[in-house]
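There are 2 protein chains.
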Amino acid sequence: MKATTLKEIANLLGISITTVSKALKDYPDVSAKTKKAVIDLAEQLNFTPNSFAVNLRTKESKTIGLIIPEVVHHFFSNVINGIIEEADKYGYMVIILQSNESLELEKKQVNLLFNKRVDGILMSLSNESNDDNHLKNIISNGIPFVQFDKISKLIPSSKVIINDQKAASEAVQHLIDIGCKKIAHIRGPENPQNAIDRFLGYKKTLEKNGILFDSKLVYTCENVTFDEGLEFAKQIVNDHPDVDGIFAVTDLVAVGVLAYFNEKGIQVPDQIAVIGFSNWFMAQVITPKLSTVDQPSYEMGVAAFSLLVEEMICHKEGKVFHPRTIELETSIIVRESSAKTN
Amino acid sequence: MKATTLKEIANLLGISITTVSKALKDYPDVSAKTKKAVIDLAEQLNFTPNSFAVNLRTKESKTIGLIIPEVVHHFFSNVINGIIEEADKYGYMVIILQSNESLELEKKQVNLLFNKRVDGILMSLSNESNDDNHLKNIISNGIPFVQFDKISKLIPSSKVIINDQKAASEAVQHLIDIGCKKIAHIRGPENPQNAIDRFLGYKKTLEKNGILFDSKLVYTCENVTFDEGLEFAKQIVNDHPDVDGIFAVTDLVAVGVLAYFNEKGIQVPDQIAVIGFSNWFMAQVITPKLSTVDQPSYEMGVAAFSLLVEEMICHKEGKVFHPRTIELETSIIVRESSAKTN
Numbered sequence: 001m002k003a004t005t006l007k008e009i010a011n012l013l014g015i016s017i018t019t020v021s022k023a024l025k026d027y028p029d030v031s032a033k034t035k036k037a038v039i040d041l042a043e044q045l046n047f048t049p050n051s052f053a054v055n056l057r058t059k060e061s062k063t064i065g066l067i068i069p070e071v072v073h074h075f076f077s078n079v080i081n082g083i084i085e086e087a088d089k090y091g092y093m094v095i096i097l098q099s100n101e102s103l104e105l106e107k108k109q110v111n112l113l114f115n116k117r118v119d120g121i122l123m124s125l126s127n128e129s130n131d132d133n134h135l136k137n138i139i140s141n142g143i144p145f146v147q148f149d150k151i152s153k154l155i156p157s158s159k160v161i162i163n164d165q166k167a168a169s170e171a172v173q174h175l176i177d178i179g180c181k182k183i184a185h186i187r188g189p190e191n192p193q194n195a196i197d198r199f200l201g202y203k204k205t206l207e208k209n210g211i212l213f214d215s216k217l218v219y220t221c222e223n224v225t226f227d228e229g230l231e232f233a234k235q236i237v238n239d240h241p242d243v244d245g246i247f248a249v250t251d252l253v254a255v256g257v258l259a260y261f262n263e264k265g266i267q268v269p270d271q272i273a274v275i276g277f278s279n280w281f282m283a284q285v286i287t288p289k290l291s292t293v294d295q296p297s298y299e300m301g302v303a304a305f306s307l308l309v310e311e312m313i314c315h316k317e318g319k320v321f322h323p324r325t326i327e328l329e330t331s332i333i334v335r336e337s338s339a340k341t342n
Numbered sequence: 001m002k003a004t005t006l007k008e009i010a011n012l013l014g015i016s017i018t019t020v021s022k023a024l025k026d027y028p029d030v031s032a033k034t035k036k037a038v039i040d041l042a043e044q045l046n047f048t049p050n051s052f053a054v055n056l057r058t059k060e061s062k063t064i065g066l067i068i069p070e071v072v073h074h075f076f077s078n079v080i081n082g083i084i085e086e087a088d089k090y091g092y093m094v095i096i097l098q099s100n101e102s103l104e105l106e107k108k109q110v111n112l113l114f115n116k117r118v119d120g121i122l123m124s125l126s127n128e129s130n131d132d133n134h135l136k137n138i139i140s141n142g143i144p145f146v147q148f149d150k151i152s153k154l155i156p157s158s159k160v161i162i163n164d165q166k167a168a169s170e171a172v173q174h175l176i177d178i179g180c181k182k183i184a185h186i187r188g189p190e191n192p193q194n195a196i197d198r199f200l201g202y203k204k205t206l207e208k209n210g211i212l213f214d215s216k217l218v219y220t221c222e223n224v225t226f227d228e229g230l231e232f233a234k235q236i237v238n239d240h241p242d243v244d245g246i247f248a249v250t251d252l253v254a255v256g257v258l259a260y261f262n263e264k265g266i267q268v269p270d271q272i273a274v275i276g277f278s279n280w281f282m283a284q285v286i287t288p289k290l291s292t293v294d295q296p297s298y299e300m301g302v303a304a305f306s307l308l309v310e311e312m313i314c315h316k317e318g319k320v321f322h323p324r325t326i327e328l329e330t331s332i333i334v335r336e337s338s339a340k341t342n
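Quick mapping for you: the protein sequence lines, in order, are chains A and B. Residue 272 in full-length UniProt numbering is what sits at position 272 of the first sequence, and the numbering runs on without skipping anything. Residue 113 in full-length UniProt numbering is what sits at position 113 of the second sequence, and the numbering runs on without skipping anything.
Just so you know, not all the hints are guaranteed correct.
Computed list of lysine-lysine pairs in DSSO-like fashion (alpha-carbon distance at most 27 angstroms, straight line) [unchecked claim]:
# : chain 1 : residue 1 : chain 2 : residue 2
1 : A       : Lys62     : B       : Lys36
2 : A       : Lys116    : B       : Lys108
3 : A       : Lys62     : B       : Lys25
4 : B       : Lys62     : A       : Lys25
5 : A       : Lys316    : B       : Lys25
6 : A       : Lys62     : B       : Lys153
7 : A       : Lys36     : B       : Lys25
8 : A       : Lys62     : B       : Lys35
Bear in mind the hints are in silico, worked out from the structure with no lab data behind them.
Given these sequences and hints, build the entire structure.
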């Protein structure tokens with residue numbers, strides 16, 4: 001469905017665009033009769049507040065919206081920090097909304113930001129997100145938009161990502177290089193692209209090294225928690241006592257694994273080596289210190305805002321902006337949990 | 001200096017308050033001549049945008065501002081979570097600004113929120129804050145305002161706090177009860193009330209138990225970091241090898257202490273018992289598990305927003321609001337780092 005514009009309403013009623021805009025904003029200098037005519041027609045044409053967010057805008061709001069799965073998360077809180085600091089330099093304020101990993105809530109938050117007339121939107125998708133209509137809506141409304149971390153590849157917006165498949169591949173290769181023969185993977189949920197890519201990196205690296213992939217060695221988190229790490233560690237040693245390496249989808253899960261092994265006196269890395277993903281601060285202070293993939297988080301926030309501000313400037317100047325993708329580098333950090341020589 | 005009101009400008013120019021308001025907002029239905037007269041007089045009277053934020057407001061913005069020292073902080077990220085979730089229930093959006101523990105930045109952020117015409121402000125003060133003028137400004141502009149965690153006692157706003165002195169006292173009493181005779185304290189910076197109160201709780205509890213207070217056993221953090229914990233742990237065992245208990249101002253600092261002791265093979269709690277403050281998630285997964293004071297964080301966010309929404313409703317209805325203080329309960333969580341019997 002083509003979106004109705006202010007101009008169409010103005011033409012149909014034979015009044016100016018300014019008057020339509022003022023009527024919808026309930027300005028006192030528009031007559032009650034005109035206001036009613038405009039509002040009735042707007043409703044008839046399904047002209048929702050969402051679809052005129054951009055058209056109505058007479059000036060910048062100097063506010064951007066950020067939708068993330070959760071604030072209380074070492075990775076996202078660092079991303080937020082990067083975004084807020086960078087936005088502050090350009091005089092932008094940041095409204096932060098959480099999707100709590102729910103698609104429904106995520107859609108609601110997008111609508112809230114439309115109504116708030118933010119100048120741009122930054123977003124990392126919820127794990128449930130497999131429906132892109134609300135994202136397409138952002139684009140079709142002409143609102144500058146950058147996806148980061150958990151993204152939809154199909155949406156033609158700017159993106160800030162890491163190469164999850166490559167990073168996971170390096171992590172698994174490291175376990176193989178130190179002599180692991182049977183490596184289990186505790187993966188993220190089915191939907192998010194990063195969980196899929198980390199899993200693919202694991203699978204392909206085994207195959208590349210001539211190790212048979214066994215789907216029974218893959219354990220799938222629902223919520224990617226410490227408790228799931230603990231529980232899957234237990235299942236792994238019970239079901240497959242000969243597993244000698246574990247690649248966990250995040251450090252939080254890996255820390256759950258280590259907690260179980262500490263409790264049971266299972267030697268890390270001698271019996272089982274463990275590597276996580278993200279390089280959470282905590283990874284370097286637990287016992288044993290956790291090997292992991294260093295994933296830039298603050299830098300991701302900075303890069304995401306930089307792309308957004310570039311697009312917002314183009315938008316303001318009426319220029320065409322071509323979405324870009326920035327891929328940030330990751331690296332393997334070897335600590336005690338995988339510190340053994342082959 | 002008394003703040004100039006719209007009414008005074010209107011009276012001085014012999015025009016209506018509405019016209020003054022519209023002139024300042026650059027409405028098209030006010031003549032250029034009137035606009036100039038209003039703006040000139042406003043400038044002359046030092047009538048800054050900040051001072052008319054409330055007066056000019058014709059409707060709610062359904063947005064509140066939150067100023068905190070830092071987002072990347074286990075405690076504050078949980079508080080933010082409580083605030084965002086509660087605000088969402090009432091249809092409010094939250095603009096989050098960081099002071100980075102700087103008074104100057106904090107003042108700037110308050111002004112940004114004035115200009116943004118937020119309906120209310122929630123704030124936890126930076127460690128540098130010892131000047132209250134920007135806080136008084138919030139109150140004198142009639143903007144609903146709640147302070148939480150790090151507060152200024154002298155500002156007559158609503159507050160959400162814990163009893164830091166009592167909580168610290170319980171932590172130190174616990175160390176004494178398990179047999180500690182010589183207890184060091186790693187305290188927070190000089191300014192923040194919570195650091196002062198935790199220190200006073202420590203000092204008074206020693207005295208109450210007939211233990212001589214020794215200022216040389218008090219180490220003062222500048223930035224309250226893991227590294228400071230590590231460094232002070234080293235100093236403590238070097239300067240006072242007979243210290244048998246440490247009370248650290250936060251869990252992060254306590255974790256730094258434990259990291260040093262782990263590295264040096266110093267037995268916790270047998271040689272030195274350690275207790276932290278805040279009950280960060282990490283406290284329960286490190287080795288040894290850290291005893292601490294459980295400080296409600298999510299609940300603090302919820303309570304702060306609840307007080308704010310109460311005040312915003314009163315404000316909207318033109319009723320007088322009487323600021324209230326909510327004191328949340330804390331409790332001692334005993335884990336391995338202090339698990340010994342006297």
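Hint check:
| no. | hint | verdict |
| --- | --- | --- |
| 1 | A/Lys62 - B/Lys36 | holds (26 angstroms) |
| 2 | A/Lys116 - B/Lys108 | holds (23 angstroms) |
| 3 | A/Lys62 - B/Lys25 | holds (17 angstroms) |
| 4 | B/Lys62 - A/Lys25 | holds (16 angstroms) |
| 5 | A/Lys316 - B/Lys25 | holds (21 angstroms) |
| 6 | A/Lys62 - B/Lys153 | violated (33 angstroms) |
| 7 | A/Lys36 - B/Lys25 | holds (25 angstroms) |
| 8 | A/Lys62 - B/Lys35 | holds (24 angstroms) |
Violated hints amount to a single one, hint 6; each of the other numbered hints is respected by the structure.
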